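S.K.: Sequence:
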Amino acid sequence: MPKTKTPQFNHFQLNNGLLKAITAQGFSEPTPIQAAAIPVLLQGKSIIGKARTGSGKTAAFGLPVLQKVMEGGGKVRALILAPTRELAIQVSDALNSFCHKKSPIKILSIYGGSPYPPQLKALKAGVDIVVGTPGRVIDHMERGSLDVSGVEMFVLDEADEMLRMGFIEEVERIFERMPDDNQVALFSATMPKPIKRIVDKKIPDHVVVQVEESALTTEHIRQRYALAPRRHKMDALMRILQTELIGTTIIFANTRRDCADVAETLVRKGFRAHPLHGDMDQPARERVLARLKSGDLQLVVATDVAARGIDVVHINHVINMELPGKTESYVHRIGRTARAGREGTAITLVEPNEQRKLRYVQKDLGVEFEKMEIPSDRDIAMVQRQELWEELVNAVAKPGFDDAEKWLFAMLKNQDLDEMDIAAAAIAIIAEQKEMRLNKKPDSKPPAWTKQRPQHDKSRPSQRNRRGKRRHFDRRKPRSGGGKPSPKS
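No gaps in the numbering here: position 222 of the sequence shown is 306 in the working numbering, and each next residue is one more.
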């Protein structure tokens with residue numbers, strides 16, 4: 085069956101200003117979700133879009149929103165809900181990137197953790213598009229500072245994540261304030277039952293726009309897993325980082341404490357790493373994201389919520405320190421990589437007693453993960469030695485090599501040494517600095533702990549201990565009130 089040709093952006097009847105902005109950003113053709121959603125939204129229809137993070141859905145709803153607002157108006161014309169402040173900022177930035185400098189469109193992002201006065205001032209002066217988190221949007225609506233009576237387009241981005249974070253009641257309250265005839269665009273990577281109920285109740289007349297199921301998680305992402313007991317996960321992570329062709333990487337941890345601990349250990353081991361979690365204030369989080377985008381950070385250790393606003397196209401690895409509790413969380417995590425059509429890799433460290441849970445995730449996604457062995461000492465040594473050799477070979481072509489060579493020959497004139505002796509000594513010094521072991525053959529077997537049988541967590545009481553000690557028959561006390569006396573020994 086011949087493959088359907090993807091339409092170009094200029095086929096969507098977008099105005100010239102938007103088309104120029106799209107071209108200026110280097111976009112040549114729309115992603116599948118954009119090709120499916122944009123024409124429907126431009127017709128004024130409500131849609132339910134099922135697409136993973138990184139599929140291009142921001143432009144899928146953002147371009148129609150901007151087109152509608154450009155046609156004139158007065159009040160707030162569009163309201164976009166995002167689950168986190170990072171994502172709200174990301175969406176707002178994306179919309180602004182499609183507007184030229186002299187554009188009359190005013191876009192405001194409102195979210196918790198930011199001061200009220202600037203937001204109140206902007207709302208009073210008048211804005212066309214509001215991008216916000218559910219809690220802060222509700223606050224402004226109840227204050228009377230946000231009037232949604234003129235909203236013509238209501239967008240819910242990552243609705244399943246709003247559900248997971250406990251915002252479903254706020255979302256329903258916001259829906260109640262919306263005009264009856266407004267257009268709705270709801271995007272979600274998954275469609276849990278509570279979201280389906282909202283769709284059936286609030287958006288009965290809609291068009292379903294869905295990227296092929298396989299494309300949601302596997303099209304550009306190599307999904308792998310490795311078995312690692314909890315107490316050996318840090319060793320497993322270090323071995324993976326030392327052997328994989330790791331570029332910019334997001335490492336997910338379930339708690340803020342774990343996030344900070346993992347990042348601290350990585351820094352101690354010489355990696356350019358930093359935590360990203362909810363205990364950090366907004367300026368600190370924005371500094372981390374800026375360093376990540378610039379390439380100054382190689383590794384960011386993040387919690388689920390803090391990572392929601394990460395939109396960096398050059399992230400090529402996602403590593404999960406634990407298997408997430410829900411498939412939806414897993415989908416959102418791995419969506420940090422393979423963005424804008426790039427390839428990516430997701431690696432999950434699974435505890436031996438979680439293999440059934442892993443099978444459920446694979447079944448939900450309809451894909452089988454690739455099992456990987458924990459790298460051995462020999463694997464690490466081979467990678468380190470190859471990297472050192474390439475570093476030395478590349479140094480020959482660098483400026484300053486000729487001067488170093490002349491200096492070396494001058495120093496060797498009166499020494500009982502040759503070039504090979506000095507080269508070996510230099511390599512030994514570098515190897516020591518890099519903590520490389522060149523003096524013995526490294527073990528080719530995986531670390532010993534990979535062969536150990538799973539053990540129960542000794543910090544938790546066993547079922548027997550929770551019930552208390554078993555009482556022996558001959559130690560029972562006689563019943564009071566006329567019971568038979570116990571036999572004498």
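These aren't lab readings, by the way, just hints derived from the structure by calculation.
Since we're looking at a predicted model, the values are computed, not measured.
Wrong hints could be hidden among the right ones.
[Claimed, not checked] Simulated crosslink set (DSS-like; lysine-lysine; CA at most 27 Å straight-line):
1. K208 <-> K152
2. K208 <-> K190
3. K447 <-> K482
4. K353 <-> K129
5. K377 <-> K277
6. K490 <-> K529
7. K490 <-> K455
8. K482 <-> K535
9. K286 <-> K317
10. K497 <-> K518
11. K447 <-> K410
12. K377 <-> K129
13. K186 <-> K205
14. K441 <-> K377
15. K104 <-> K190
16. K353 <-> K529
17. K317 <-> K152
18. K317 <-> K518
19. K455 <-> K317
20. K129 <-> K190
21. K377 <-> K353
22. K317 <-> K159
23. K410 <-> K286
24. K518 <-> K353
25. K280 <-> K410
26. K455 <-> K377
27. K482 <-> K455
28. K410 <-> K317
29. K129 <-> K317
30. K353 <-> K535
31. K185 <-> K152
32. K497 <-> K525
[Claimed, not checked] Pairwise CB distance ranges, derived in the manner of DEER restraints:
33. E427 <-> E471: 20 to 26 Å
34. M456 <-> K185: 29 to 35 Å
35. S229 <-> V397: 33 to 39 Å
36. E516 <-> F485: 46 to 52 Å
Every residue gets a Cβ at the ideal spot worked out from N, C-alpha and C, and that includes glycine.
S.K.: Could you work out which of the previously given hints the structure breaks and list their numbers from low to high?
M.R.: 3, 4, 5, 6, 7, 8, 9, 10, 12, 14, 17, 22, 26, 27, 29, 32, 34, 36
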